[in-house]
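Same order as they appear, the protein sequences are chains D and Y. As numbered in our numbering, residues 21 to 414 make up the first sequence, in order. As numbered in our numbering, residues 187 to 703 make up the second sequence, in order.
Since the hints were derived computationally from the structure, they do not count as laboratory data. Just to be clear, a hint being listed does not mean it is correct.
[Said to hold, decoys possible] As a list, the in silico DSSO-like pairs of lysine-lysine whose alpha-carbon atoms are at most 30 Å apart: (1) D:K293 with Y:K640; (2) Y:K439 with Y:K415; (3) Y:K504 with D:K303; (4) Y:K395 with D:K293.
[Stated by the list, open to error] Label-pair ranges, simulated between beta-carbon atoms: (5) D:A239 with Y:E264: 53 to 59 Å; (6) D:L244 with Y:G594: 32 to 38 Å; (7) D:T277 with Y:Q528: 54 to 60 Å.
[As the list claims (entries may be wrong)] Residues from chain D that face chain Y, not an exhaustive set, calculated with beta carbons under 7 Å: (8) L275; (9) R278; (10) T279; (11) I280; (12) A287; (13) A294; (14) S298; (15) G299.
Ideal Cβ positions, reconstructed from N, Cα and C, are used throughout, including at glycine.
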Amino acid sequence: MDLISKIKGAFRNNMRQYAMLIALIVIVAFFQVLTDGILLMPRNVTRLILQNSHILILAIGMVLCILTGGNIDLSVGSVVALVSAMSAFLSVNLGLPVPIAIIFGLLCGLLAGMWQGFWIAYIKIPAFIVTLGGMLVFRGINNLILDGQTIGLPQDYVTLASGMIPDFIGGNGVLHITTIVIGVACSVIYIILSVISRLNKVKQGFDVMDKRAFILKIAAIVALINLATYWLAMDDGLPNVFILVAVLIAAYTFLTTRTIAGRHIYALGGNAKAAELSGVNTKKVLFWVYANMGLLSALAGIIFAGRLNSASPTAGVGFELDAIAASFIGGASASGGIGTVLGAVIGAVIMGVLNNGMSIMGVSTFWQNIIKGLVLLAAVAFDVYSKSKAKKIA
Amino acid sequence: MVTNILEMLNITKIFPGVKALDNVNLKVKNGEIHALVGENGAGKSTLMNVLSGIYPYGTYTGNILFMNEECKFRDIRESEKLGISFIHQELALIPYMTIAENIFLGNERAKRGVINWDDTTLQARKLMARVGLKEKPDVLVKDIGVGKQQLVEIAKALCKDVKLLILDEPTAALNDEDSGKLLELLVELNQKQGITCIIISHKLNEVTKIADQITIIRDGSTIETLTKKNDDISENRIIKGMVGREMVDRFPKRVSNPGNVGFEVRDWVVYDPLDEDRIKIDHINIKVRKGEVVGLSGLMGAGRTELAMSIFGKSYGKRISGRIYKDGKEILIKNVSHAISQGIAYLTEDRKTAGLVLIDDIRRNITLSSLGKISKNGVVNESREVQVAKEFRTKLNIRSSSVFQLTGNLSGGNQQKVVISKWIFSEPDVLILDEPTRGIDVGAKYEIYTIINKLASENKCVLVISSELPEILGICDRVYVMNEGRIVGEMDAKGASQESIMRCIIQNTSEPIASGQ
Numbered sequence: 021m022d023l024i025s026k027i028k029g030a031f032r033n034n035m036r037q038y039a040m041l042i043a044l045i046v047i048v049a050f051f052q053v054l055t056d057g058i059l060l061m062p063r064n065v066t067r068l069i070l071q072n073s074h075i076l077i078l079a080i081g082m083v084l085c086i087l088t089g090g091n092i093d094l095s096v097g098s099v100v101a102l103v104s105a106m107s108a109f110l111s112v113n114l115g116l117p118v119p120i121a122i123i124f125g126l127l128c129g130l131l132a133g134m135w136q137g138f139w140i141a142y143i144k145i146p147a148f149i150v151t152l153g154g155m156l157v158f159r160g161i162n163n164l165i166l167d168g169q170t171i172g173l174p175q176d177y178v179t180l181a182s183g184m185i186p187d188f189i190g191g192n193g194v195l196h197i198t199t200i201v202i203g204v205a206c207s208v209i210y211i212i213l214s215v216i217s218r219l220n221k222v223k224q225g226f227d228v229m230d231k232r233a234f235i236l237k238i239a240a241i242v243a244l245i246n247l248a249t250y251w252l253a254m255d256d257g258l259p260n261v262f263i264l265v266a267v268l269i270a271a272y273t274f275l276t277t278r279t280i281a282g283r284h285i286y287a288l289g290g291n292a293k294a295a296e297l298s299g300v301n302t303k304k305v306l307f308w309v310y311a312n313m314g315l316l317s318a319l320a321g322i323i324f325a326g327r328l329n330s331a332s333p334t335a336g337v338g339f340e341l342d343a344i345a346a347s348f349i350g351g352a353s354a355s356g357g358i359g360t361v362l363g364a365v366i367g368a369v370i371m372g373v374l375n376n377g378m379s380i381m382g383v384s385t386f387w388q389n390i391i392k393g394l395v396l397l398a399a400v401a402f403d404v405y406s407k408s409k410a411k412k413i414a
Numbered sequence: 187m188v189t190n191i192l193e194m195l196n197i198t199k200i201f202p203g204v205k206a207l208d209n210v211n212l213k214v215k216n217g218e219i220h221a222l223v224g225e226n227g228a229g230k231s232t233l234m235n236v237l238s239g240i241y242p243y244g245t246y247t248g249n250i251l252f253m254n255e256e257c258k259f260r261d262i263r264e265s266e267k268l269g270i271s272f273i274h275q276e277l278a279l280i281p282y283m284t285i286a287e288n289i290f291l292g293n294e295r296a297k298r299g300v301i302n303w304d305d306t307t308l309q310a311r312k313l314m315a316r317v318g319l320k321e322k323p324d325v326l327v328k329d330i331g332v333g334k335q336q337l338v339e340i341a342k343a344l345c346k347d348v349k350l351l352i353l354d355e356p357t358a359a360l361n362d363e364d365s366g367k368l369l370e371l372l373v374e375l376n377q378k379q380g381i382t383c384i385i386i387s388h389k390l391n392e393v394t395k396i397a398d399q400i401t402i403i404r405d406g407s408t409i410e411t412l413t414k415k416n417d418d419i420s421e422n423r424i425i426k427g428m429v430g431r432e433m434v435d436r437f438p439k440r441v442s443n444p445g446n447v448g449f450e451v452r453d454w455v456v457y458d459p460l461d462e463d464r465i466k467i468d469h470i471n472i473k474v475r476k477g478e479v480v481g482l483s484g485l486m487g488a489g490r491t492e493l494a495m496s497i498f499g500k501s502y503g504k505r506i507s508g509r510i511y512k513d514g515k516e517i518l519i520k521n522v523s524h525a526i527s528q529g530i531a532y533l534t535e536d537r538k539t540a541g542l543v544l545i546d547d548i549r550r551n552i553t554l555s556s557l558g559k560i561s562k563n564g565v566v567n568e569s570r571e572v573q574v575a576k577e578f579r580t581k582l583n584i585r586s587s588s589v590f591q592l593t594g595n596l597s598g599g600n601q602q603k604v605v606i607s608k609w610i611f612s613e614p615d616v617l618i619l620d621e622p623t624r625g626i627d628v629g630a631k632y633e634i635y636t637i638i639n640k641l642a643s644e645n646k647c648v649l650v651i652s653s654e655l656p657e658i659l660g661i662c663d664r665v666y667v668m669n670e671g672r673i674v675g676e677m678d679a680k681g682a683s684q685e686s687i688m689r690c691i692i693q694n695t696s697e698p699i700a701s702g703q
């Protein structure tokens, strides 16, 4: 009884996220049927990952901005454009080697983020206005650099953005063996970490999950990991960006849930005044969250430019809206303090599946926009509704 | 003509899992002041929410008779139409609108949607005169004090032709001076204009002063109704009914044994952050010995919170100057985290807006100011954190389902214990407690006083800011009296009385105290 009520409690606290996960599964199943099974074919799954990687990266940064108090960053699309233009300028016009150009590109995004962070955190101009300004400024710089032209990029960018990891072990032409090995290795690491953490908790006398439930959970996740890698191995293997995004998700989940910096971000969004009077340097937190957003936008910019094999004056238009929508669909609160990186990732995947599924079905982009807009509204309406219900209970 | 204007019969209200009201009966006579008292969470506000239609008909069981008519309110508008006005603890005024606009908000003097401003001003003046509010009708509400804002709320109720006025903790945010004036006004409205009042209050001295009848609610049930003429309505009698036991002493005993001076502030000067020429804290000198509890008394606006916050890492004010000594050595405090690392803690006046992250759980609130203690290389050790939180939950008796309960769902007293836990965990040598028992019930107050005593017995320096004079006298060893940004008196708590402190304030006030601010 006690166990059941605990599970129920945990479920209720994370209801939004579970609900979105369930929504994701339903949406996937829906399109799987409507597209006659094309959606989940290995080739299409690979395409889905490649097409949405930049939005996933942006959503990770955006959810941090939203966590600090419902602040959004409207400039990310323009930073994407700025960095893709810089990449072209550095590697094509100046002829710098690609790795150096990438480092400069990332630095450029970081600087753009720091510039905005400075105005938001230290001069206390609302984020909405600063980033609206940034949206215009960075787009303008992109246009200046490119002079309104579209410039092609060196092959290395394309490999990074659209390439697959090489099959070191050597495949049989049907399966990408390295991919499967990576899946197995990740599973082993995951099992070891989970068991260690559980043993530690038991040693300290904490309540832990029921043994059967624990084994079930591990089995489910291991199965999921291996199914995913096996699936991709049937095509060309793991895309480079998949590994990049997975590492980012893990790193930022760790940052937000396990570190002091993460705690400070949540506290700032939950109650800025209380956080400040508890010794949290709120200005510094806000500054670095926006600097980080700039850095991630730069990364997204490089990936996006690489995938399109070019830097264009209209690159990244509307990306900010996709990232913001993903964060809110994933359970972030518009007033800050509530939301998770994983939630934003789920939100971004929902958006991606909607885009991809409707494209396969040949739904016109006009209708696609309408449907995406309604999904966003429905997700947040559900959030508001469940919160008002929770309030009445309390 | 003494009939009951209001009868609430067998009201039962159930929230999922909790019976908030259990067959509560409340009978209010026409033309009386009826006080509703009880510990926090006893169900007073819930009962009034049922009455005013915030919890609509159908969500509770039982009957409401108002002026002998059965009422089934679906929302607040319906109860207001019949003349029931509910003034909440958190005032519902719009700061950037004028007094007149606020009074007639939702009830505009208009014809076909077009507002008649002359009539608005004229009527506002009349209403303001009735509540004794001496201001111009076109002053913005944000520019007047809380005391006067309270009067605006009452005027707003009067313009709706109120018959039954419900006030939830009307004096919680007011100093003694303003509270007195407000209570006088209520008595006057009651006697001269025949308005029946229900007042919810934790301040028992006020209740005994003005109420004709007192209904005591405990754990969702009516315990008893005391009538002024027939029953003993002393504070001790009421407390007994509220907590269900005789409270022998409202303040726990403590053997005070102060040591050397552990904390000292010299020549502290702070200017207003909005107007840098205006001095807010004027050359203040205070000392606190180790193991001593020192009170800082004064009216609202005396500068007590400003003093504390300016010391606590320059959280308030501009052009701060002065020296701070700890254990005889001068220390420099640049910001809040610097203050915490040097062993200074400040419990904020308002726990909801500045003390807690309400959407976060008990555990994370407790560790927020000392995350470094449970972390390695910036990574929080969560099991250690839970352990710490559990320890505090037991030690301070924080009533909650677990350390993972959101602080927003706790009662006031338990919220305050979480904030205190946070500061004890930061292991301070100096604690500044700003209104540590505001808005919490008698039982929880006692527990907080016990914690304060324990801190003092551990040789910490404790500075308590409080607007409640009995509290200052009950728990402190020594009292500083503050007025208009200066220390105007220092007295031994044993030799001091409420009168001597008030006298000290009044004698040192440069202008006669205007009502309100």
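For the pair D:T277 and Y:Q528, does the Cβ-Cβ distance stay inside 54 to 60 Å?
At roughly 30 Å between Cβ atoms, Y:Q528 and D:T277 fall outside 54 to 60 Å, so the hint is violated.
With chain Y as the partner, please determine if D:G299 meets the hint condition of a C-beta pair closer than 7 Å.
4 Å, holds
Between Y:K395 and D:K293, does the CA-CA distance stay at or below 30 Å?
Measuring from Cα to Cα gives roughly 38 Å; hence the hint is violated.
Per-residue hint verdict: D:S298, partner chain Y, C-beta under 7 Å
This interface hint holds because 4 Å falls under the 7 Å limit.
Checking hints one by one. Is D:R278 an interface residue toward chain Y, by the C-beta closer than 7 Å rule?
This interface hint holds because 5 Å falls under the 7 Å limit.
Under the criterion that the straight-line Cα-Cα distance not exceed 30 Å, is the pair Y:K504, D:K303 satisfied?
Judged against 30 Å, a Cα distance of about 18 Å means the pair holds.
For the hint on D:T279, just tell me whether its beta-carbon gets within less than 7 Å of chain Y.
It holds, given that the least Cβ distance between D:T279 and chain Y is near 5 Å, below 7 Å.
Holds or violated: are the alpha carbons of Y:K439 and Y:K415 at most 30 Å from each other?
Violated: Y:K439 and Y:K415 sit about 34 Å apart, past 30 Å.
Regarding the hint that D:A294 lies at the interface with chain Y, is the smallest CB-CB distance below 7 Å?
Holds - the Cβ of D:A294 comes within 7 Å of chain Y, reaching about 5 Å at its closest.
Can you verify the interface hint for D:A287: is its Cβ closer than 7 Å to any Cβ in chain Y?
This interface hint holds because 5 Å falls under the 7 Å limit.
Range hint compliance [Cβ, D:A239 to Y:E264, 53 to 59 Å]:
57 Å, holds
Restraint satisfaction for D:L275 [CB to CB of chain Y, less than 7 Å]
With a minimum Cβ separation of about 9 Å from chain Y (threshold 7 Å), the hint on D:L275 is violated.
Violated hints, listed in ascending order, are 2, 4, 7, 8; each of the other numbered hints is respected by the structure.
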